[in-house]
Amino acid sequence: MSPFTPRHSRNLRGFTLVELLVVIAIIGILVGLLLPAVQAAREAARRSSCSNNMMQIGIAMHHYEFNMERLPPGVVDDQGPIRYEPIGKHVSWTVHILPFMEEQVAFDKFDQAAGAYAPANQPVREHRVPVYNCPSSPLMSSDKVAISSYAGCTGGIEAPIDAKNGGVFYLNSATKLRDISDGTTYTIAFSEIRENRLLLPWTSGSRATLRNTGTLINFGAKDFRTQGVKPEGEDKPSVYVGGFGSFHTGGAQCGFADGSVRFLSQSTDTAAYSSMGERADGMLISVD
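Okay, so the sequence shown: first residue is 28 according to my numbering, each after it adds one.
Quick caveat, the hints were computed from the structure, so don't treat them as lab data. Values in this document were obtained by computation on a predicted structure and should not be read as measured data. One or more hints might be untrue.
As the list claims (entries may be wrong) - Straight-line alpha carbon distances no greater than 27 Å define the calculated DSS-like cross-link-like pairs of lysine-lysine that follow:
| # | residue 1 | residue 2 |
| --- | --- | --- |
| 1 | K116 | K203 |
| 2 | K116 | K136 |
| 3 | K191 | K116 |
| 4 | K203 | K191 |
Claimed, not checked - Computed spacing ranges between beta-carbons, pair by pair:
| # | residue 1 | residue 2 | range |
| --- | --- | --- | --- |
| 5 | N94 | G59 | 52 to 58 Å |
| 6 | G210 | E96 | 15 to 21 Å |
| 7 | I86 | V49 | 52 to 58 Å |
| 8 | L311 | K191 | 22 to 28 Å |
| 9 | V132 | D296 | 41 to 47 Å |
| 10 | I184 | R73 | 27 to 33 Å |
| 11 | L60 | L311 | 42 to 48 Å |
| 12 | N199 | Q131 | 19 to 25 Å |
| 13 | Q149 | G309 | 41 to 47 Å |
| 14 | E96 | S75 | 29 to 35 Å |
| 15 | I86 | S265 | 33 to 39 Å |
| 16 | G210 | E70 | 28 to 34 Å |
By construction, the Cβ of each residue, glycine as well, lies at the ideal position given by its N, Cα and C atoms.
Model the full assembly from the supplied sequences, consistent with the hints where possible.
Written as structure tokens, this is what we have:
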């Protein structure tokens with residue numbers, strides 16, 4: 028043996044292949060357990076950010092009401108019902124509250140007389156308002172338009188957007204807080220949406236920014252198809268409106284007329300949920 032060789036060198040050894048595979052397997056299991064927790068933490072953060080967006084929208088609505096003595100019109104147009112197509116003025120409530128959300132420049136540049144789809148309003152249509160986008164939604168914008176993750180409530184039944192809807196927002200509406208006789212705490216003013224097939228902009232007062240509680244949360248066109256029913260407006264523009272939904276698990280966040288934001292489960296009682304969409308139906312409901 029060489030005089031330079033350590034005396035105990037023959038006792039030194041590395042990992043065997045089996046030991047290395049066991050360590051790799053254990054690390055893989057730990058990573059597999061950690062990833063869902065990380066994703067859950069991220070979703071909790073996104074849901075909190077979404078709730079904050081809705082709080083800001085609710086505050087803007089109340090500032091508008093304080094100044095105008097009424098809530099913003101759901102959609103401004105010369106006639107109804109409102110169809111889900113880029114024809115008409117269709118100026119949405121989302122445009123009217125811009126000055127109360129630090130978006131005065133966008134409001135000033137928007138020509139309401141020209142309408143939501145006018146060429147003159149293209150710069151505003153393409154302007155993404157961060158507060159109008161849920162961070163969990165993959166549908167924030169397209170190449171041509173910016174869209175909204177939130178929609179006002181037109182009523183508690185599936186009906187075309189028109190001047191006789193029973194919700195807070197409808198065609199040329201001028202709802203005052205005193206008109207919400209069911210109580211602002213029990214009445215949904217707006218909520219999240221997850222369908223916008225034609226990608227009409229956030230300026231459009233169509234089903235792009237208006238929905239109803241006549242359809243359960245997260246119950247969309249694909250759910251109708253599983254029951255053998257083809258919902259009106261699935262393949263072409265129509266007066267079909269649809270309901271609310273979100274990219275959060277288990278339900279959607281709802282902004283109530285009192286300014287509060289609460290998460291409603293998609294298993295919420297059908298009758299109670301429908302009643303929450305009406306401003307004055309006289310039904311006694313619980314928000315627990």
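Hints and how they fare:
Only pairs whose Cα atoms come within 27 Å are accepted, and K116 paired with K203 is accepted, the gap being roughly 23 Å. At most 27 Å may separate the alpha-carbon atoms for a hinted pair to count; K116 and K136 meet this at roughly 16 Å. With a C-alpha separation of about 19 Å, the suggested pair K191 and K116 falls inside the 27 Å cut-off, and the hint holds. A hinted pair counts as satisfied when its Cα atoms are at most 27 Å apart, and K203 with K191 qualifies at roughly 15 Å.
At about 54 Å, the beta-carbon gap between N94 and G59 stays in the expected band of 52 to 58 Å. At roughly 19 Å, the beta carbons of G210 and E96 sit within the given window of 15 to 21 Å. A hinted range of 52 to 58 Å holds for the C-beta pair I86 and V49, which are about 56 Å apart. Checked against the hint of 22 to 28 Å, the C-beta distance between L311 and K191 comes to roughly 24 Å, which is consistent with it.
Range check, V132 to D296: about 44 Å between beta-carbon atoms, so the 41 to 47 Å window is met. In this structure, I184 and R73 meet the distance hint of 27 to 33 Å, their C-beta atoms being roughly 31 Å apart. Separated by about 46 Å at the C-beta atoms, L60 and L311 satisfy the suggested range of 42 to 48 Å. Taking the beta carbon of each, N199 and Q131 are about 24 Å apart, inside 19 to 25 Å as hinted.
Separated by about 45 Å at the C-beta atoms, Q149 and G309 satisfy the suggested range of 41 to 47 Å. Checked against the hint of 29 to 35 Å, the pair E96 and S75 passes, with Cβ atoms roughly 33 Å apart. The supplied range of 33 to 39 Å is met by I86 and S265, whose beta-carbon atoms lie about 34 Å from each other. A C-beta distance of roughly 32 Å is found between G210 and E70, which places it inside the suggested range of 28 to 34 Å.
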